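Student: Sequences and hints are given; from them, build the entire structure.
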Amino acid sequence: MATKTTTAPRVDSGPGLRSLRLGLGQIAPKLGDVAANLDMHLDMLEAARSQSAELVLFPELSLVGYQLRDLVPDVAQTRRTPQFTRLVQASHGLSLGFGFVEEAADHRFFNSYAFCEDGRLVSVHRKAYLPTYGLFEEGRLYAAGEHIRAFDTKLGRFGIVICEDLWHPSAMYILSQDGAELVVAAAASPLRGADVGEEHSNIDVWATALKMYSQLFGCFVVLVNRVGFEDGLSFWGGSRVLAPGGRSSFEAPLLEPGLFTCEIDWNEVRRYRVSDPTLRSERLDLTLSELKRIQRDRIVRGPEADAGDARKPGVERRGGRP
Amino acid sequence: MKSTDAHTAMVHRLRQGYRDRKVDADLLRKVLVAFIRDEVHKVGLRHVVLGISGGVDSSLVAYLAAEALSPINVTGVLMPYRTSDPQSSRDAEEVIRATGLQSLRVDISAQVDAYFEHFPQATVLQRGNKMARERMSILYDRSAALGALVLGTSNKTELFLGYGTIYGDLASAINPIGDLYKTQVWALAAAIGVPRAIVDKHPTADLWQGQTDEAELGFSYAQVDELLHFMIERRYRHEELLQLGFESSFVTRVEELVTRSQYKRRMPLIAKVSGRSITHDFRYPRDWKR
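Protein sequences, first through last, are from chains A and B. Counted the way numbering that gives the first Met the number 0 counts, the first sequence spans residues 0 to 321. Counted the way numbering that gives the first Met the number 0 counts, the second sequence spans residues 0 to 289.
Since the hints were made in silico from the structure, they are not lab data. These numbers were taken from a predicted model, which means no experiment stands behind them. Hints should not be assumed to be uniformly reliable.
[To be verified] Distance condition first, Cα-Cα at most 20 Å in a straight line; then the derived EDC-like pairs of lysine to aspartate or glutamate:
1) B:Lys-41 to A:Asp-194
2) B:Lys-29 to A:Asp-203
3) A:Lys-29 to B:Asp-37
4) A:Lys-291 to A:Asp-177
5) B:Lys-29 to A:Asp-194
6) B:Lys-41 to A:Asp-203
7) B:Lys-155 to A:Glu-53
8) B:Lys-21 to B:Asp-199
9) B:Lys-288 to A:Asp-194
10) B:Lys-288 to A:Asp-73
11) B:Lys-41 to A:Asp-38
12) B:Lys-288 to A:Asp-38
13) B:Lys-29 to A:Glu-255
14) B:Lys-263 to A:Asp-230
15) B:Lys-21 to A:Asp-230
Tutor: Dropping the structure here:
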């Protein structure tokens, strides 16, 4: 489904509080077992509905598990696969996000995240940055998504990033410029770091990035990270909500599975942007023209530019000059 | 390159930074306990079995397993040989008592000695390896009898140095402490209440009388863990390790030990002749539909 780029009528953000009840499905999917995971989603959706949640979010690849390797084609779904449509339909009366392996018509596979509401699919984000280093091998398994776009929902304007996407500030910048008021960061992040305050501890690194983005872009950032174990990897959970400005609005426990609900006040977006109007002064034209110059220079300079001696005195560097 | 003083200060800061580290015992305990529980339950079992030597590694795993599955579901097996240090048995008994595990004692002297009657010239190394593999065969037999998984107790330091017997003490179904260096095992064991006497004693494989790991290896765990930290975790190259002040011969020796023992950390090589071969391109996760 094509993402909408037109601006639909916004929900009225009149004065006062506008509370939104959020359900974070911090689950441990069964690796490669779509039927079992579909049941897990449906059960948790029912629980969320009984707790009056308006927005329910599941982690990256929540319908299939993470460390799939050769299972990818076995668990992939098209948008007509019965299990996929069943879950979309289950979003009646609320908004729902979940992760799955998407098979395109040309049989490329994507690490995708579906957003649906009231029983229909609103938008799909295909993970644009596939980690392929260290313990990660997504570049072997998936094609990279080619779009990063915000979209309108009945709750407000949303953006989605999937795990590694978040480590590319450009992805968050694009969503910010595209009007996102809430960014869903769906993750399957394995724990690394056994020491207190370790610089490579990825829990701390994530916390820093999420806080920074919600400050810089004046939007809600919602991390929904999975738990459980796969082949020795431990997924740390700790799903959380950062309010515009970086305030921690909610934090789910580390490692524990469950449905965690919280309330946010949507009008915090407006209040923060009134007091800290950096978005107003952001210069898209300047950013674009400089990025285009950098792109042009890379093409013009070719491989010599970074061949190892480019920074030596006497080697002319183009660009950067008025 | 910076001035000598600045260089010295930087080296001091880096190495001090390593020494100031502190394991996140609360988090590690939660993760490792959950790991044991999750991996055992998801294969449809409730029990585990492990060898209890009286050393800190198996003691730590015993404590973690008891917490994960409750002591009634954990069987600790004491497997002394006739030359084993009696203190090892006493420490093992203390772990069993403190954790409340089910326990079993199988003296391996008769089966080991019966075999070496055929090979009286066998070296100390052969005898040590044989003992380790007899213990493994007992644990796997008990695992079938009890419907249990075998817990591994090798730490990251010995796995990197190859200081273990392949298909002996290196064999297990799941290993909760294989990503913890020996010094981290000590810290975590102390934090979760393994008796101080066990944490503080000299580590030994106890394969012959008077053996200690550190005397046999020729360096201490504290020394080699610091080197492995910079070499493996932080990816410092050989020349950079020397600039950090590690002895050249020490660095070279450890590099050789790590390289030479790589085979112990991998499954056997399979000669690829088909289009889709096990270990090469039949790449399914082990926790497939688990």
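Student: Does the structure break any of the earlier hints, and which numbers would those be?
Tutor: Result: hints 1, 6, 7, 9, 15 break, sorted rising.
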